[in-house]
Amino acid sequence: QQQVKQSPQSLIVQKGGISIINCAYENTAFDYFPWYQQFPGKGPALLIAIRPDVSEKKEGRFTISFNKSAKQFSLHIMDSQPGDSATYFCAASYTGFQKLVFGTGTRLLVSP
Amino acid sequence: NAGVTQTPKFRVLKTGQSMTLLCAQDMNHEYMYWYRQDPGMGLRLIHYSVGEGTTAKGEVPDGYNVSRLKKQNFLLGLESAAPSQTSVYFCASSTSYNEQFFGPGTRLTVL
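Protein sequences appear in the order of chains A and B.
Each position in the first sequence, counted from 1, maps to that position plus 19 in my numbering.
Each position in the second sequence, counted from 1, maps to that position plus 15 in my numbering.
In isolation and in its complexed conformation, chain A is listed as follows:
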């Protein structure tokens, strides 16, 4: 019940296209859903996060869409650039849980 399922495992998108990564969860207590970005040889870094009181959050080219009834959330990268090539992790948590549950990651490659 604490799992977060992430798909796809890998994704290739052409420059300028839209990248979409999906995550699903079971635990309805989760109230915090961040996305982390990791470049090769580096540690993950927070990209964007959402709480379930809103259905969408946008920061620049990155948007999180949240569907509470379906228990799903997704990351959309608009106008994808080669510099966006990285591994993306979704995660979830809730107040008092003291930790994050991570998805298994999506390796994104944006071709020039």
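Treat the hints with care, as some may be off.
[To be verified] Covered stretches of chain A (in silico footprint by chain B; criterion: 3 or more residues with CB under 8 Å from a CB of chain B, positions within the stretch not fixed):
| # | stretch |
| --- | --- |
| 1 | 76-88 |
| 2 | 117-131 |
[Unchecked claim] Here are some of the chain B residues that sit facing chain A, going by a computed Cβ distance under 10 Å:
| # | residue |
| --- | --- |
| 3 | Val19 |
| 4 | Gln21 |
| 5 | Tyr50 |
| 6 | Gln52 |
| 7 | Val65 |
| 8 | Ala97 |
| 9 | Pro98 |
| 10 | Gln115 |
| 11 | Phe116 |
Keep in mind the hints are simulated off the structure, nothing from the lab.
These numbers come from a predicted model, not from an experiment.
Just so it is clear, CB atoms sit at the ideal spot from N, CA and C, and this is done for glycine as well.
Guided by the hints, dock chain B onto chain A, whose structure is given.
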């Protein structure tokens, strides 16, 4: 500010050897975490700490021990290394369960 630092960056061990990985943070964060990252498995929590002097088990604690004697440091120990512990280890810190700041990682190979 250095953020989260990890020592060493790389290490090769023989089966049965022991070692300690050091994590240090200069952000005065209460929470600290140790993860391992393996291909296709994502980030799996080994142990974590919610304050100085406290530790708790995560998802994959077997074969590891930790200590948090000082607020800024979190040590991960392997008493008898096994090839299954070959991985990249990340330390992270945060003020709560929210944004976690990760270190650069330690790549460990156990032969």
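Evaluation of the provided hints:
| no. | hint | verdict |
| --- | --- | --- |
| 1 | 76-88 | violated (count 0) |
| 2 | 117-131 | holds (count 7) |
| 3 | Val19 | holds (8 Å) |
| 4 | Gln21 | holds (8 Å) |
| 5 | Tyr50 | holds (8 Å) |
| 6 | Gln52 | holds (9 Å) |
| 7 | Val65 | holds (6 Å) |
| 8 | Ala97 | violated (23 Å) |
| 9 | Pro98 | violated (22 Å) |
| 10 | Gln115 | holds (6 Å) |
| 11 | Phe116 | holds (8 Å) |
The structure is inconsistent with the numbered hints 1, 8 and 9, although it conforms to all the rest.
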